[in-house]
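Just so you know, the protein sequences line up as chains A and B, in that order. The opening position of the first sequence corresponds to residue 1 in the working numbering, with each subsequent residue numbered one higher. The opening position of the second sequence corresponds to residue 1001 in the working numbering, with each subsequent residue numbered one higher.
Simulated from the structure, these hints should not be mistaken for laboratory data. Since the model is a prediction, treat every value here as computed from it, not as a measurement. From the three backbone atoms N, C-alpha and C, an ideal C-beta is built for every residue, glycine too. Check before you lean on any hint, since a few could be wrong.
Take a look, some chain A residues computed to stay more than 10 angstroms from chain B by CB distance [what the hints assert, rightly or not]: (1) Thr53; (2) Pro98; (3) Thr100; (4) Leu106; (5) Asp171; (6) Thr214; (7) Arg247; (8) Asn253; (9) Cys255; (10) Thr266; (11) Arg273.
Quick partial rundown of chain B residues pointing at chain A, CB under 7 angstroms, derived from the structure [stated by the list, open to error]: (12) Leu1146; (13) Ala1150; (14) Leu1151; (15) Leu1152; (16) Lys1154; (17) Tyr1158; (18) Phe1161; (19) Leu1164; (20) Gly1165; (21) Ser1169; (22) Gly1170; (23) Pro1172; (24) Ser1217; (25) Phe1218; (26) Leu1221.
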Amino acid sequence: MRGLIGRPPAEAGARTLAATPLLVPEAVIGAKVGGPMEAVGAPIPAIRLRGVTAGYGERIALEGVDLEIPTGALVAVVGPNGGGKSTLLKLIAGVLKPWTGTVEVLGARAGREAHRVAYVPQAELVDWSFPVSVWNVAMMGRYPRLGPLRQPGRADNKAVEAALERVGMLDRARSPIGALSGGQRRRAFLARAMAAEVDLYLLDEPVTGVDIPTQEAIMALLVAEAESGKAVVATTHDLAAAARHFRSIVAVNRCIVASGPADIVTNADVLARTYGEHLLMLGDHVGILDDSHHHDDPSGPSERHFHDDQPGGRS
Amino acid sequence: MNLVLEPLAYAFFVRALVASAIVGLVCATVGSYMVMRGLAFMGDALSHSAFPGVVVAYMIKGPFYIGASVAAVGTALAIGWVTRQGKVKSDAAIGVLFAGMFALGVFLFSLIPNYVGDLLGFLFGEVLGIGISDLISLTVLGVLVLGTVALLWKELLYSTFDPLGAAASGLPVSRLDYLLLVLIALTIVISLQAVGIVLVVAMLVTPAATAQMLSKSFGRLVLIAATIGVVSPIVGLYGSYWLNSASGATVVLVESAVFAAALATTTVVERLGHRIEQAAA
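Assemble the whole structure, with the sequences as input and the hints as a guide.
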């Protein structure tokens, strides 16, 4: 059910948010940063993309991206399916190399400071029939810092325990991940990221398909992480959740459409540019005709997808 | 009792027992990672692609371990490389390379003028013909493969479970992918004499697939798979001694029977569980 049902009138947006800075060519976002990043004494941004174009095979997924995200930022990446949300995250994670341009993360080329970065993939990319417990998953966050020769020790057990406690999953530590609800699975993966003690969280759809109380709990944890000086970047389909929980928003649709404080998503012009024909406006209500169950990006050659309705199956 | 002790009087039988138990152990361990990665078909491909290496080694009278390793590892790396280019899907890349390599083996085989019964042993396995030097080579390679897995079990597990998350956290996922392919190739080389090219995929896949139904953690999966991998060849070899049947095939049939039993048991237990739940509700 896709199609152009109604284009929003431009005035609607202007009325609600006349002063929102839109379409900044060199997007600098983050509630904590007042002036330009180049100001004397300004910290190194957590993430900096310059002229980045990237894609899969022959297909361009993102084009001409300039973006800066400071430390302590809590950023939602929004946009339509196939708009490049996950691609942006993979570029920052260093698992996808840009065709052109540069991606700097935590002051170095993307991938260089990987041990300070935690990436949580979207739920469809995880094989939930895999025989691992919640504890095992959280412990994986410790593996990179251990290296091949060292086995998990007391410090690792403590970190995993603390992370599971924070996400409220300590009592399910021994459960196999396949036995968990959607919200518990997201929390188990969040525990893995927290156990890794990183400076940058990259989360692909952390609150999609999750009940409201769990959404609130996950967001509270992410807010706390951002407040302690870590950067949090999460993609989401849920515009309401993005506006409610995140401080800043990056709207992508093959390029950075807009970026700024979280309330830019209530701007009809931004919405129209981001979602195009997926947008449905009915009076003051905005609807996105977007099938959130389907995958955001075409996968790389070796990427696998898993669905719960086909146990153990791959699509 | 006599039936158990009697064959042990033959040195060839004891060698076969030791060799196939080692092969079963290594196959089940490496196979556990393979099955969880959905690489079962890869096992079949790499075993067939070892054939030209075996034939060439026979022609130039070199050790077959080297020939088979070069061919299988070469094909493993080629499959990995072709897949990464993203121009063809991985199952197509595997199909093209493995059939091509096996055809090359058959082609070279047909060029040898005299009768080559030894080579046929590599197709279906001839574990009773394993000599002491073969046993030593097999043990050395087996220790090498198991040692590598023991050293990198965490990294292999993480990159198997969540390749993107593992890569983002700094693990060299593509190198680990290639390493696993090399380990699979070496495992196949070790197994060629015992079970043969055609049946080795069963030794790799069946114990892990069986264990997968019975375990909730990966460590337990490997443990159960390894146990099946070691016990099945012993049962199978006795079976083949008593029944005078082909050794490799008998070993594989034992593993298949264990798989069937596990499948039936877990299915029945699950059904009963549902019924009890329904009755309680």
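Original post:
When the hints from earlier in the document are held up against this structure, which numbers fail?
Top reply: The structure breaks hints 12, 13 and 23; every other hint is satisfied.
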